[in-house]
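Please work from the sequences and hints to get the whole structure.
Next come the chains, spelled out residue by residue.
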Amino acid sequence: MKLLEINNIKKTFDDLEVLKDISISVEEGEVVSILGPSGSGKSTLLRCATMLETMDSGTLSYCGESAVTEVDGKSVYAPKVQLKKIQNYFGLVFQNFNLFPHYTVLKNITDAPIHIQKRQKGEVVEEAMSLLEQMGIADKADYYPCQLSGGQQQRVAIARALAMNPKILFFDEPTSALDPELTSEILKVLRFLASEKMTMVIVTHEIDFARNVSDRVIFMDEGYIVEQGKPEDVIDNPENDRVRAFLAKVKG
Amino acid sequence: MKKKPIIAMFLFGLLLIPAVLASCGKIPAASSSGGEGFNWLLNVISQLSSGIWASLMLFAFTIIFSMPLGLLVCFARRSRFKVVELITKFYISIMRGTPLMLQLIVVYYGPYYVFKIPLTPQYRTYAAIIGFALNYAAYFAEIYRSGIEAVPKGQYEAAKVLGYTRAQTFMKIVFPQMVRHVIPPVTNEIITLVKDTSLAFAITYIEMFTIAKQLAAAQSNIMPLFVAGIFYYLFNLIVSFVMGRIEKKMNYYTH
Ligand SMILES: Nc1ncnc2c1ncn2[C@@H]1O[C@H](COP(=O)(O)OP(=O)(O)OP(=O)(O)O)[C@@H](O)[C@H]1O
Ligand SMILES: [Mg+2]
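Residue numbers (this note's numbering), protein chains in the order written: chain A, 1 to 252; chain B, 1 to 255.
Treat the hints with care, since some could be wrong.
[Unchecked claim] From the structure, some residues in chain A lie toward chain B, with a derived Cβ separation under 8 angstroms:
| hint | residue |
| --- | --- |
| 1 | L52 |
| 2 | N88 |
| 3 | G91 |
| 4 | L92 |
| 5 | F94 |
| 6 | N98 |
| 7 | F100 |
| 8 | A141 |
| 9 | C146 |
| 10 | G150 |
| 11 | N165 |
| 12 | F192 |
The hints are simulated quantities; they were obtained by calculation from the structure and are not laboratory data. The beta carbon of each residue, even a glycine, is placed where N, CA and C say it ideally should be.
What follows is the structure, encoded as structure tokens:
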């Protein structure tokens, strides 16, 4: 089943055309990595997909339910009730975590499931604790985010997103704010999630990780997808010159 | 650690009273013996007491009204509607740009001059509270606004992705963080308010400083003003102490 379908998305900031014509669909259980140079529009694409940014034209749907349709070449958003429902289908993990500093780790994770999704408190807390267990930070449940390392904070952020039981999880450079040691912590978590068949779309600069973990790699440049396919093909034998140049630079 | 200097200052403030007393003793007009100096002080304090009460009331009601009103003004200032924003901006600039004394006079005498509504002593009290509340709300609004703007955009985004509504995001995520940011400037404002209550004399609202001035004039002695000064000082020490406690309590997390 297609969990995510984006068609012909376009996004312009003032005069700057950031997304020019992008279509992506993601199947259930698929892990997709998005690579590309800085400024190519990767974050903007994720922000449009998670409705943090409104797209100018193009369509967006989750699990076959339309969030954005197109009328006369312009994006039209579904009614609030519909969007509210669709909101539950996806989660987003930020580069700089964006944990709520005034909530403990546990409350960061449980507040939205309890108060937004109106689920039972006992069940949510139990689930949150087992997520923290999986992340290896069960002992930090009562800590505040400021008392944790960056890697631990990012694991909390991942647990917070997972606690909503999303069908698909987006990551925008989840390791870019971390040093190499902490980066490997987070990549380990992502590998684990991939092995659990969690559907994920990951913007990353970690080429090796993208090759080893993803089912598909998408390469973006200047608002277009310039190449996509199996990681072996895109990363090891890129057809496009710009992809080749980028990879050569990143690999050093 | 923080408590000790406050307590020391409080004691110092209290010590000033016998110091004033002693110096009174040296003023020939005041007395010839220490006991009489003490009686004089009790007398001054008892005469000041109704004024102290009036000052405290003005202070308390100003806080009660201006702090929530400030939040409303802050919302209006941040409104999506340009007209509302502009009107609020104008209101704030008037409140901050003109003397509080003048504002009090306008609130008190305005209804009389414009509508010929007779002035009553009761309205004087209301006018003082209204004038102070309107003025301080403007300052609090700006403080709150800076507190809200100090909350990173990422907090709103994280909340939105988790499905919080705008109202929930404000109540649960932004407001608690804002409160933390604004405690130091709010403390400043409250301390200023304690002293500013003396401006109510402009509409002949009888508060502590008014009485102290009358006593000073009647006795040709500056000491009653000093005693009033000590009361302002002690009261502000209490304010600092309480706000310090609150600030400490809010410091359970850092950014
Ligand atoms: N809110 C905004 N207003 C104006 N311009 C923006 C905005 N957000 C992004 N841009 C611009 O859009 C372009 C693409 O930005 P985007 O963040 O999507 O790139 P990216 O591929 O994620 O880059 P990076 O790898 O550095 O994160 C950049 O030129 C950026 O300056
Ligand atoms: Mg980016």
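Broken hints, by number: 8, 10, 11, 12
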